[in-house]
Amino acid sequence: MVIYLDNAATSYPKPPQVARAMAEYMLQVGAPINRSAYGPAQEAAQVTLRLRERLARFLGFPYKPSHVILTPGCTAAINQILFGYLRPGDHCLVSAMEHNAVMRPLTYLAQTRGVTFDRIPCDETGLLDPFAIGKLVKPNTRLAVIAHGSNVSGVIQDAEAIGAILADYGVPFALDAAQTAGETPVDFDRFQLSALAVPGHKSLMGPAGTGALLVSPDFARELQPIVLGGTGSEAHSEIQPAFLPDRFEPGTPNLPGFYGLDSALSYLEAIGIEAIRAHDQLLCRHFVHEVSFLRGVRLVGPTNLNQRLGVFSLDFIGRDNDEMGQRLERQFGILTRCGLHCAPNAHKTLGTYPQGTVRMSTSYFTTIEELDAALEAIDILSTLK
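In full-length UniProt numbering, the protein residues as written are 1 to 385.
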């Protein structure tokens, strides 16, 4: 039996209707959008609009669906935010727990455009203190980009408190919801966001190659496109259209992916985000409690269930974590992710750099029985002589 515990990388399995919807487009529709007026093209356009509306509804987005920009993923959305909004000499705030999807573009901008940044400190579990923000805000602070949930420790930041403080300072707030969208409530309006980046392929249960960038009208006016080209609109002009979503969606879109993500969101809406979160907390409660009794292994991250996701990083004390991850697969059929998880500073914050951790991450389809099998395997490996 194979037990898949790498959902923080990409969710698996997907709801069966996701593949069926993608096949429906590939086999029965096949048409582009925004370029033709015939029936199949209009049908594809309606599904795409419905997807924007579903994303807006699911993520508490109060603006027009045209401000839901469909992207190839969360990393592309974050790059659009950073490269499209920050100007030479600007200052940006990030947390100490950011993924390289934020830190590599930001470091590049620091090297090439003179953008500067500061990291908001986090404690040994990865939790950010919102009241530390005010000490780091400068006159040229133009943006704050924060990971809502950590892909290493599973910590959930208090986005509502962070948003309120940043609003007091007049600093736009961009949230990286790669680990939280679809697993715990994300509310654009309540968090006082200016921009929100989400992947389609993680807890939203959609296919790879999908994601979205949700932007407020004020933020959109200042955001410059970083990829330009044909949109099917204003074809007489060689200037990129100014209106949304066309301003940020050049080229032929991933329509099979849109059909799949639309179907995935329909599935999630029927369950409800509160029920999904309740299942996540059930798994967290069980794993955090049971692993505390095991010798020779340390769980990284918070024990407060309200502050964590089903992302469990394990440090096998005195052992090679990469080897432990390999043995989990080889001996027990348990699939995990080992190493630094594209978040080296997060590991430095948590005290797990450079050895990294063995990460197990759950989804709505993960069962208590699967976690028990994983816990038994951890116990065996952590006590080997």
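Treat each hint with caution, since some may be false.
As the list claims (entries may be wrong) - Computed list of lysine to aspartate or glutamate pairs in EDC-like fashion (alpha-carbon distance at most 20 angstroms, straight line): (1) K138 with D90; (2) K348 with E376; (3) K348 with D129; (4) K14 with D320; (5) K14 with E24; (6) K64 with D189; (7) K64 with D315; (8) K64 with D90; (9) K348 with D123; (10) K348 with E329; (11) K348 with E124; (12) K135 with D90; (13) K348 with D90; (14) K138 with D168; (15) K348 with D372; (16) K348 with E369; (17) K135 with D118; (18) K14 with E269; (19) K14 with E43; (20) K64 with D187; (21) K348 with E370; (22) K64 with E222; (23) K135 with D187; (24) K64 with D246; (25) K138 with E124.
Think of the hints as simulated: they come from the structure by calculation, not from any bench.
The hints, checked one at a time:
For the hint linking K138 to D90, the alpha-carbon distance of about 10 angstroms falls within 20 angstroms, and the restraint holds. This hinted pair does not check out: K348 and E376 have alpha carbons roughly 29 angstroms apart, beyond 20 angstroms. Between K348 and D129 the alpha-carbon distance is near 17 angstroms, which keeps this suggested pair within the 20 angstroms criterion. The suggested pairing of K14 with D320 is violated, with an alpha-carbon distance near 32 angstroms, which exceeds 20 angstroms.
Among the hinted pairs, K14 with E24 is consistent with the structure: their alpha-carbon atoms are about 16 angstroms apart, no more than 20 angstroms. For the proposed pair K64 and D189, the alpha carbon gap of about 13 angstroms is at most 20 angstroms, so the pair holds. Between K64 and D315, the direct Cα distance comes to roughly 45 angstroms. Violation of the 20 angstroms bound is thereby established for this hinted pair. Using a Cα cut-off of 20 angstroms, the hinted pair K64 and D90 is violated, with the two alpha carbons roughly 29 angstroms apart.
This hinted pair checks out: K348 and D123 have alpha carbons roughly 11 angstroms apart, not beyond 20 angstroms. The suggested pairing of K348 with E329 is violated, with an alpha-carbon distance near 27 angstroms, which exceeds 20 angstroms. The suggested pairing of K348 with E124 holds, with an alpha-carbon distance near 9 angstroms, which does not exceed 20 angstroms. For the suggested pair K135 and D90, the alpha carbons sit about 17 angstroms apart, so the restraint of at most 20 angstroms is met.
Restraint check for K348 and D90: the C-alpha separation of about 26 angstroms exceeds 20 angstroms, so the hint is violated. At roughly 13 angstroms between alpha-carbon atoms, K138 and D168 fall within 20 angstroms of each other, so this suggested pair holds. A C-alpha spacing of about 30 angstroms is found between K348 and D372, which places the hinted pair above 20 angstroms, so the restraint is violated. Between K348 and E369 the CA atoms are separated by roughly 33 angstroms; this puts the pair beyond 20 angstroms, and the hint is violated.
Annotation: proposed proximity of K135 to D118 holds, straight-line Cα distance about 11 angstroms (limit 20 angstroms). With a C-alpha separation of about 15 angstroms, the suggested pair K14 and E269 falls inside the 20 angstroms cut-off, and the hint holds. About 24 angstroms separates the Cα atoms of K14 and E43, which puts this hinted pair outside 20 angstroms; it is violated. A threshold of 20 angstroms between alpha carbons decides the hint, and for K64 with D187 the separation of about 15 angstroms falls inside it, so the pair holds.
Proposed proximity of K348 and E370 is contradicted: the alpha carbons are some 30 angstroms apart, above 20 angstroms. Annotation: proposed proximity of K64 to E222 holds, straight-line Cα distance about 17 angstroms (limit 20 angstroms). At roughly 26 angstroms between alpha-carbon atoms, K135 and D187 are farther apart than 20 angstroms, so this suggested pair is violated. Restraint check for K64 and D246: the C-alpha separation of about 14 angstroms stays at or below 20 angstroms, so the hint holds.
Restraint check for K138 and E124: not satisfied, since their Cα atoms lie roughly 26 angstroms apart, outside the 20 angstroms limit.
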